Amino acid sequence: MSDAPDLELLQITLIVRDLDATAKAFRERLGLRVAFRDPSVDLWGLANIVLPLGTTFVEVLSPTRPDTPGGRHLARQGGDGGYMVILKTRDLAGWRRRIDALGVRIAFEAESTDPIAGQDWSGMHLHPSDTGGMMISLDRPDPPDSWVGAGPRWRDFVCQDVVRGLEAIELRSPDPGGLGARWSGVLGRPLDDTGRLVLDRGAIGFRAAAPGESEGLAAIELRASDPSRRGESFVLGGVEVRLV
Numbered sequence: 461m462s463d464a465p466d467l468e469l470l471q472i473t474l475i476v477r478d479l480d481a482t483a484k485a486f487r488e489r490l491g492l493r494v495a496f497r498d499p500s501v502d503l504w505g506l507a508n509i510v511l512p513l514g515t516t517f518v519e520v521l522s523p524t525r526p527d528t529p530g531g532r533h534l535a536r537q538g539g540d541g542g543y544m545v546i547l548k549t550r551d552l553a554g555w556r557r558r559i560d561a562l563g564v565r566i567a568f569e570a571e572s573t574d575p576i577a578g579q580d581w582s583g584m585h586l587h588p589s590d591t592g593g594m595m596i597s598l599d600r601p602d603p604p605d606s607w608v609g610a611g612p613r614w615r616d617f618v619c620q621d622v623v624r625g626l627e628a629i630e631l632r633s634p635d636p637g638g639l640g641a642r643w644s645g646v647l648g649r650p651l652d653d654t655g656r657l658v659l660d661r662g663a664i665g666f667r668a669a670a671p672g673e674s675e676g677l678a679a680i681e682l683r684a685s686d687p688s689r690r691g692e693s694f695v696l697g698g699v700e701v702r703l704v
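Just add 460 to wherever you are in the sequence shown, counting from 1, and you've got the working numbering.
FYI, nobody ran anything at the bench for these hints, they're computed from the structure. There may be inaccurate statements among the hints.
Simulated restraints on C-beta separations [what the hints assert, rightly or not]: (1) G655 x I576: 40 to 48 angstroms; (2) D605 x R556: 21 to 29 angstroms; (3) G538 x I576: 36 to 44 angstroms; (4) P612 x F568: 18 to 26 angstroms; (5) L503 x D652: 35 to 43 angstroms; (6) D635 x T528: 40 to 48 angstroms.
If you're wondering where the values come from, they're calculated on a predicted model, not measured in any experiment. By construction, the Cβ of each residue, glycine as well, lies at the ideal position given by its N, Cα and C atoms.
Starting from the given sequences, assemble the full structure and let the hints guide the process.
Dropping the structure here:
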């Protein structure tokens, strides 16, 4: 059993060149509806959409100005793909102590309070140079079933006709064993017999990058509402989407 605080897969964030086309593709293939467009991401020269699958989420970002961190990330990875994984915890202070002890740098941290909605949030982004793979965000929503990142009315936009939740993600790397070991050390959970890092909810897998592929997000796994559709796969937002 891990001595690290609790951790659940909450949201996967993609970054793409064409936000509207990607929103349309997610709607047509998966029935997912846009619950929120966060105006605050304009601070980083981005626009976004958030798509609720139930109590887990897909976010899609797109640069709105040249020479932004998001635009440079797109260029480095050669096009649309992954940007960040958000992991939920009830004990962000415990994670802060652990991250400090490991010497992992924190790239960004913030908190917010919404007395009208009765919900708080705090979170921190780990520096991707220290973790590899993609950016990890550790977030504490309060109450735990709230999510400020999806806006005030996200429950009204949940559509589970095709998929019911985010089950797992898979990262690719020239050294998947090394990347898996690094994430296992940072997140305080052992790899299972298949090489996956199993969280309190959700899992993270690792595979070898093909020639020409950059290190980053390879696939997301979504729980199919119709069991007969399990095993289907297709590409959305530059990543493989698998129905499981």
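**Item:** Hints the structure fails to honour
**Value:** 6
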